[in-house]
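Asker: One-letter residues, chain by chain:
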Amino acid sequence: MNGILASIIFLISLWLIFSEKLNRTITSMIGAALMTGVGLILGFFNEEEALRSIDFNTLGLLMGMMILVAMLEPTGFFEFLAVWAGRISRGHPVRLLIMLGTITTIFSMFLDNVTTVVLIAPVTILICEILGINPVPYLMAEALLSDTGGVATLVGDPPNVLIASAAGFSFNDFLTHSLPVVLVAWLTALGLLRFLFRKELSIKPPNMEAVLKLEPAEALDDWKTARRVLIVLGLAILTFFMEEWLGISPAFVALSAASIAMVWTRPNIQETLKRIDWSVLVFFGALFVMVGGLEAAGVLNMFVDGLKKLNTIPPVLLGVIMIWLVASLSAFVDNVPITIALIPVLQGLGASGMNTDPLWWALVFGAGFGGNATIIGSTANIVVASLSERTRTPITSALWNKRGLPVMLATCTVASILYAVFYPFFA
Amino acid sequence: MIIRDYMKRNVHSISEHATIREAAAKLVEYHIGLLPVVDQASKLIGVVGLRDLLTLELPDFFELLPELDFVHDFGAVETTRPGIEQLNQPVVRLMHPATFVRETDGLLKGYALMLKHQLHDLPVVGESGKLVGIASRVDIGTAILATWKYIGSESP
Numbered sequence: 000m001n002g003i004l005a006s007i008i009f010l011i012s013l014w015l016i017f018s019e020k021l022n023r024t025i026t027s028m029i030g031a032a033l034m035t036g037v038g039l040i041l042g043f044f045n046e047e048e049a050l051r052s053i054d055f056n057t058l059g060l061l062m063g064m065m066i067l068v069a070m071l072e073p074t075g076f077f078e079f080l081a082v083w084a085g086r087i088s089r090g091h092p093v094r095l096l097i098m099l100g101t102i103t104t105i106f107s108m109f110l111d112n113v114t115t116v117v118l119i120a121p122v123t124i125l126i127c128e129i130l131g132i133n134p135v136p137y138l139m140a141e142a143l144l145s146d147t148g149g150v151a152t153l154v155g156d157p158p159n160v161l162i163a164s165a166a167g168f169s170f171n172d173f174l175t176h177s178l179p180v181v182l183v184a185w186l187t188a189l190g191l192l193r194f195l196f197r198k199e200l201s202i203k204p205p206n207m208e209a210v211l212k213l214e215p216a217e218a219l220d221d222w223k224t225a226r227r228v229l230i231v232l233g234l235a236i237l238t239f240f241m242e243e244w245l246g247i248s249p250a251f252v253a254l255s256a257a258s259i260a261m262v263w264t265r266p267n268i269q270e271t272l273k274r275i276d277w278s279v280l281v282f283f284g285a286l287f288v289m290v291g292g293l294e295a296a297g298v299l300n301m302f303v304d305g306l307k308k309l310n311t312i313p314p315v316l317l318g319v320i321m322i323w324l325v326a327s328l329s330a331f332v333d334n335v336p337i338t339i340a341l342i343p344v345l346q347g348l349g350a351s352g353m354n355t356d357p358l359w360w361a362l363v364f365g366a367g368f369g370g371n372a373t374i375i376g377s378t379a380n381i382v383v384a385s386l387s388e389r390t391r392t393p394i395t396s397a398l399w400n401k402r403g404l405p406v407m408l409a410t411c412t413v414a415s416i417l418y419a420v421f422y423p424f425f426a
Numbered sequence: 000m001i002i003r004d005y006m007k008r009n010v011h012s013i014s015e016h017a018t019i020r021e022a023a024a025k026l027v028e029y030h031i032g033l034l035p036v037v038d039q040a041s042k043l044i045g046v047v048g049l050r051d052l053l054t055l056e057l058p059d060f061f062e063l064l065p066e067l068d069f070v071h072d073f074g075a076v077e078t079t080r081p082g083i084e085q086l087n088q089p090v091v092r093l094m095h096p097a098t099f100v101r102e103t104d105g106l107l108k109g110y111a112l113m114l115k116h117q118l119h120d121l122p123v124v125g126e127s128g129k130l131v132g133i134a135s136r137v138d139i140g141t142a143i144l145a146t147w148k149y150i151g152s153e154s155p
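Quick mapping for you: the protein sequence lines, in order, are chains A and B. Counting in numbering that gives the first Met the number 0, the first sequence runs from 0 upward without gaps. Counting in numbering that gives the first Met the number 0, the second sequence runs from 0 upward without gaps.
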């Protein structure tokens, strides 16, 4: 009875989120309230347990990193990077694609890739316009490559933060397990983009000298603040490497870094906090409460017997199925709710005595690479597409299916092969 | 002190059925910044100005970037021109609702409207909404300032 009610609340909330009938943050809040209320009445869940089920490690890490980005955003640092990339490329299309794609990827591996893309894409449009070429290949490459690259690190993508916390993976676990796969997948994606856009990239820009007159330094409005935030960010990343050795959590590192950077740069706190995506943090927190209720109602134990049958499938095959299943779902809906919905399932499997580590990695790859498939697959895709709608060459959904879907299929194939070949390493 | 006495009666306007190309040609021919758009009964239905037409030339990045100081050479953008299909579109596509005054309105009201909406020219309509003239900021402004010379002298 408890389990059924809790499941109904959870499933209806998921349906509302996936169908976008109600804003996901609002849905998760009412879902969490209902779960706690019903739990109180039936006695399977209470306020204390609800609070305890919130993973403050995830929230703290996200918030700390968001504050750092919020401080970096108004300095013009991202614009500087894009302008610099344009100059270095000397207006050669392929070189420009590689430069912009690489820079967007590197920064989105450590910072929120939506912010990175939002700030770099307008400059990309500028560079393409003064060169006299179509910006579409570059914009799509930025979204696709940054989404692919984000899979490599614990802080690169919100699903990774969730998975790390649920599975107990450290920053270095991601560097040893995910980074190598992403490296191969990323290079494959870049090569494929070079091939898919070969026609656009073979046109010699009519005005190559114009990019040489761009002044990166003039795009950087506040180098003093940017330098300080970058130094703190660099130290934070170094500390992430030593996280296990020091015995501290990534949330502690991120929040300390944010605090130190704020003391050093003294930003306008109101303005800085306004740039933080609070809805994401509230959404995560409320979803944790719902999953906590589900757990407390004993739903996971109900799963376990059914899930035990999965043991008969060869584990490698199970992992590959997981990659493709999650990737197909992520192509159409946000990968955060998918990840949160699967966390209890995988934890249930773990409780049944199965080694779930390989499945967690499969979830990382599926959730990360799946979003590349469609124009709505990831937030970066949506952002790039909506920016391009304000230009003379909008990116259409059909075009994304022709250029993005092959990238998704290729990266998932690469991930599946590496996963299967090196399976013992993931186990 | 009403608008009618200070406006230009010889007003260049354009028909609602005209194309963007025709509107551009008129602005060039008379070296003006604003064209009232009228229907067959010469009723004012909107205005189209230099600014509206020139959006066709502005690069896409203009709207997307907060500042442009680091761009020293507009490169290819400098020589891109609107397409022939764009120029053959009806002018009403770029038209926007007119801020106007009636010919019996006071000068200061006209001046205040221009200031509020940052306009340089103000179409003037008659009783039935017919376009009867146009007043520039200088027409109205100097007309008001001209009254200052009587201040301090014996009032008539």
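Among the hints, a few may not be true.
To be verified - Now the in silico label distances, taken between C-beta atoms and shown as ranges:
{"#": "1", "chain 1": "B", "residue 1": "Ala40", "chain 2": "A", "residue 2": "Glu214", "range": "24 to 34 Å"}
{"#": "2", "chain 1": "B", "residue 1": "Arg50", "chain 2": "A", "residue 2": "Pro393", "range": "18 to 28 Å"}
{"#": "3", "chain 1": "B", "residue 1": "Arg50", "chain 2": "A", "residue 2": "Ala32", "range": "45 to 55 Å"}
{"#": "4", "chain 1": "A", "residue 1": "Pro393", "chain 2": "B", "residue 2": "Asp72", "range": "19 to 29 Å"}
{"#": "5", "chain 1": "A", "residue 1": "Pro205", "chain 2": "B", "residue 2": "Arg50", "range": "25 to 35 Å"}
{"#": "6", "chain 1": "B", "residue 1": "Arg50", "chain 2": "A", "residue 2": "Asn22", "range": "33 to 43 Å"}
{"#": "7", "chain 1": "B", "residue 1": "Gly125", "chain 2": "A", "residue 2": "Ser385", "range": "40 to 50 Å"}
{"#": "8", "chain 1": "B", "residue 1": "Val27", "chain 2": "A", "residue 2": "Lys212", "range": "55 to 65 Å"}
{"#": "9", "chain 1": "A", "residue 1": "Tyr422", "chain 2": "B", "residue 2": "Asp72", "range": "52 to 62 Å"}
{"#": "10", "chain 1": "B", "residue 1": "Thr98", "chain 2": "A", "residue 2": "Arg197", "range": "31 to 41 Å"}
{"#": "11", "chain 1": "A", "residue 1": "Lys212", "chain 2": "B", "residue 2": "Leu55", "range": "23 to 33 Å"}
{"#": "12", "chain 1": "B", "residue 1": "Arg50", "chain 2": "A", "residue 2": "Gly36", "range": "50 to 60 Å"}
{"#": "13", "chain 1": "A", "residue 1": "Ile268", "chain 2": "B", "residue 2": "Arg50", "range": "33 to 43 Å"}
Simulated from the structure, these hints should not be mistaken for laboratory data. From a predicted model like this one, the values you see are computed outputs, not experimental measurements. Cβ coordinates follow ideal geometry from the N, Cα and C atoms, glycine included.
Asker: Hint says 40 to 50 Å; check whether the CB-CB distance for Gly125(B) and Ser385(A) agrees.
Answerer: 46 Å, holds
Asker: Quick check on a hinted range of 31 to 41 Å for Thr98(B) and Arg197(A), using CB atoms only.
Answerer: The hint (31 to 41 Å, Cβ to Cβ) is violated, given that Thr98(B) and Arg197(A) are roughly 52 Å apart.
Asker: Between Arg50(B) and Ala32(A), does the C-beta distance stay in 45 to 55 Å?
Answerer: Holds, at about 51 Å.
Asker: Regarding Val27(B) and Lys212(A), is the given constraint of 55 to 65 Å on their beta-carbon distance met?
Answerer: 31 Å, violated
Asker: Regarding Arg50(B) and Pro393(A), is the given constraint of 18 to 28 Å on their beta-carbon distance met?
Answerer: 24 Å, holds
Asker: State, for the Cβ atoms of Lys212(A) and Leu55(B), whether the hinted interval 23 to 33 Å holds or is violated.
Answerer: 25 Å, holds
Asker: Do Arg50(B) and Gly36(A) keep their Cβ atoms within the hinted range of 50 to 60 Å?
Answerer: Given a distance of about 57 Å, which is inside 50 to 60 Å, the answer is holds.
Asker: For the hint 25 to 35 Å, verify it against the beta carbon of Pro205(A) and that of Arg50(B).
Answerer: 28 Å, holds
Asker: 24 to 34 Å was suggested as the range; check whether the CB atoms of Ala40(B) and Glu214(A) agree with it.
Answerer: 55 Å, violated
Asker: Can you let me know if the beta-carbon spacing of Pro393(A) and Asp72(B) is within 19 to 29 Å?
Answerer: 26 Å, holds
Asker: Between Ile268(A) and Arg50(B), does the beta-carbon spacing fit 33 to 43 Å?
Answerer: The hinted range 33 to 43 Å holds for Ile268(A) and Arg50(B), with Cβ atoms some 39 Å apart.
Asker: Could you see if the CB distance from Tyr422(A) to Asp72(B) stays within 52 to 62 Å?
Answerer: 54 Å, holds
The earlier numbered hints that this structure contradicts are 1, 8 and 10.
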